[in-house]
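Chemist: Protein chains in written order, with this note's numbering: chain A, 158 to 774; chain B, 110 to 442.
One or more hints might be untrue.
Some chain B residues close to chain A (C-beta under 8 Å, calculated; not the full set) [what the hints assert, rightly or not]:
hint, residue
1, Ala159
2, Lys163
3, Met165
4, Pro203
5, Leu264
6, Met292
7, Asn310
8, Lys332
9, Tyr435
Just so you know, these hints were derived from the structure itself, not from any lab. Keep in mind the model is a prediction, meaning the values are calculated, not measured. Every residue gets a Cβ at the ideal spot worked out from N, C-alpha and C, and that includes glycine.
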Amino acid sequence: MKVPLIWLKDYLDTDKSAQALAASFTQLGLMLDKPLDESNVLDLEHRMDRSDWLSILGCARDLAAFEGISLKYPQLYNKPTLKIQESEKIKIDIQTKAVHRFQTRIFKGIKVAQSPEWLVKRLTAYGMPPINNIVDITNFVMIEYGQPMHAQDIAKLKSPDITIRDAKEGESLKTILGTQVALNNNIQILSSGGEPTVILGIVGGQATSVTDATVDIILDAGNYDSRLIRRNSRALKIINETVSRDDKFLDPRNIDFALDRATQLILEIAGGSCYFNDDYYPVKSIAKQMTLRTARLKLLSGMAISVDTIIKILTALEYKIISTSDTDIVVEIPYFRTDIEVEDDLVSDVLRIHNYTNIPLYPLSTPVPKDITPAIYKFEEKLRDLLVAQGAHEHITNSLVTSNGQSDEIVLANALSSDQNALRHDLNLGLAKVQKTYHKHKIKNAVVFEIGKVFRKSDDLYLEDRILTVMSGADSLATLFASLGISKYAINQNHEIIVADTVVGKLDPSSYTLVIERLMPHHTPYQGIVSDFDHTTKLDLSLLVRSELKYANIITTLSHLKGDYINVVCKSVTKLDDKINNYLLTFTWDSHSPNIEKDKQNILSTLKKELEIESKS
Amino acid sequence: MNKQIKQIITNFQTDLESTNDIADLDSLFLKYLGKKGITSELLKSLQGLALQDKKMYGPTLNELKKSQEQSIKDKKLSLENEENSALEQDLTIPGHIKNIGHLHPTTTIIREMNEFFLRQGFSIGEGPEIEDVEYNFRRLNLPEGHPATDLQDSLFIEEPNLLLRTQTSSVETRTLSDFKPPMRVVVPGKCYRNETTSLTNSAFFYQYQGFVVDKGINIGHLKDTLTQFHQFLFGDDVVLRFRYKYYPEVSPGMGVDMQCRFCHGQGCKVCKFRGFVEVLGSGMIHYNTLKACNIDPEVYSGFAFGLGLDRLVMSKYGITDIRKLYGGEIAYL
């Protein structure tokens, strides 16, 4: 929200500099968003909650309360409006539930001209170019009170009616800015004589706009379903000052103040006379009451603020005090505070005007609650540490990837770009890109890894798996497993990594991937520490293996044997010729084992029988 | 034959003496003792000789072969010793760095923050990245069509109910719904928004969320926790500014700014001439949020805070493009 200093000072007397006022605004909830310059316009961040903070008067009201100074209100038209003759009345017909209130006033015999200097100055400072006195006044009052309004030239209406209805397919409207907008039956419009004249709550049409030749106007101010305005404006891609107010929660009672202010200014600046036309207002807005318990304020703030101070603050913010006691303050919520939902919002108001700087600091003193950190989080941290200890680098890559049309892929419904329109299925793609970058920069032999989620669809379920992918080979995997206390594992012919009959991951030629949830139950605290040194006996067996057989075949065959050996590793594989590979396997026994020779014979005879493997040993 | 043997002995001796490198020793081995080496060939040629000659030259040649093998072995050992003793003698030569692995900078920052909060008795919370609107918005006091939904553009999997979480606050509502107070939890995690990728914005980013629910928790506890947290991260001289700021899921809400560490509040390019840099959003957990998560707001109160991690990581490590941070374009030197 832009607040020109010159305009702000219409409502409060202060000698403070723009910088000092910006600091106060920031403290009370309207943070200075852009640096101040010589224009002395405060650009304040609006957080979508307070519709009254889209009005300069609303901003001034809170500033006055914060600074402890009084607020000067603008002059409103306070005489009764004239009654228009039935023949000159514009018939209002509301055919949609999107309208909560729609009030119209007719001005006859006005003189459209340039606006006076004070008005031009303020609008220009805000950033709105002056058009003519009538349009400028509607804009001025919108910014002053936060209530959009709209003037149409009566002479340009097709017939003496304004109908608010859903647009029809095929209808269109040329806006005041000259853009042709195609309408459809989701959009609500104002029409006259069947012709669209205004898109409800969004933008006016050129055909009925006020020009220098205009003499009689119909001025309207309405309150609409903010969700519809939000939806329609986004669909039509029209965002302007009107939309940014009409799509917030405005109270219909704001219309009375805004129209009285506009009436005062039109009569003062453009002359003519004002007539009441119509006020469609089927369900009247009523004032809400709320109780602020002083105990609640103390509980949330940790401070005892006196009832007098509370009342002073709430009154300055225009809450009406209904009753007070030491424990309860009952207030009526001002019409413009559509943001107030619960008692704690009153606490917020008191605290922010009392200034957050004054809230004392208290260390947490309650007993430490139970640790609820998931075990998997700690396990992932351990995996990171172990891989870093191996010399690997962690990377985090984009979870959003280009769709590849796989059937179990999860595709986004509203992606902004087609190269990031699906959720990743694996981590290899991202990590391969990292390696490519590394190679480009001549960083070779760097091992990279990532721990993250991958996504897939299974029937109607959207599944997230936590995985680890390391761009390295079997040695890295073996080292990792040894550190995790996983001494027995195998890689089957499909290159799946098996621990205790569970597939925990997969090995590829250039990487391996582990499913963390499946791996976690198998890890044990390091148990390799002993004070009595055991001695082992190792025996190398040299095997002549047909080339179609893999190490996995040997291990699977041996797994059915009952032997005393505690470990077997493949030391080397040498290609002897096209048909035979020589596998050198090292078996380890406890030195005390009496069955070493027996086991050896058993191993060799089984391998010969089952896989026709000869031995050189 | 005698002549040949003598010649080999002389040549071998000359070659051996002129070799001062371990790799050259291997070539020397091949030259004389390889399959087709000089000594080996001579040994093979014995087969064509008369039995008497075989008896005469056989042992000599075998002896020669053995002696040559031994000589090469000895020379190799002495060269290695020479190398080692030279290194041992000159302790001023710095060592070579072995491979060192590194954590991603975002993980490093998360760990630093976790270190503080774990010490304060916090747990770490987690939740799904594909999230229900109920946990991502509704239980955070954001009803359908609320203007504040504009503060976060969502990436939907299935409109209107299934989306990629836009904030780690969704883990807050899940934890509040699943566990009973008291609780102290921090949540580091990935979030997603429907934003065009640029130098500083990415469709996915990291947030760090924290919340406490217990009896008697007030906004002073929040101020104190955040003050200690920033002192831990930036040092005791850190200056914080606490101000009112609206967030739908808290009331009262609180914005926290840190005095610019470059200009000490005077205003400079880094702080965009504001003197302060916005660091996080926070507040007392909304009455409606506690209620929606089945916690009685009349018995328990709590605070919550959340901050974006990427900006912090980027400024700490001097990374100017978020796409590089998460695109593998970072090297660990």
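Chemist: Would you pick out the hints that fail for this structure and give their numbers low to high?
Modeler: Hint check: 1, 2, 3, 4 and 7 fail, others pass.
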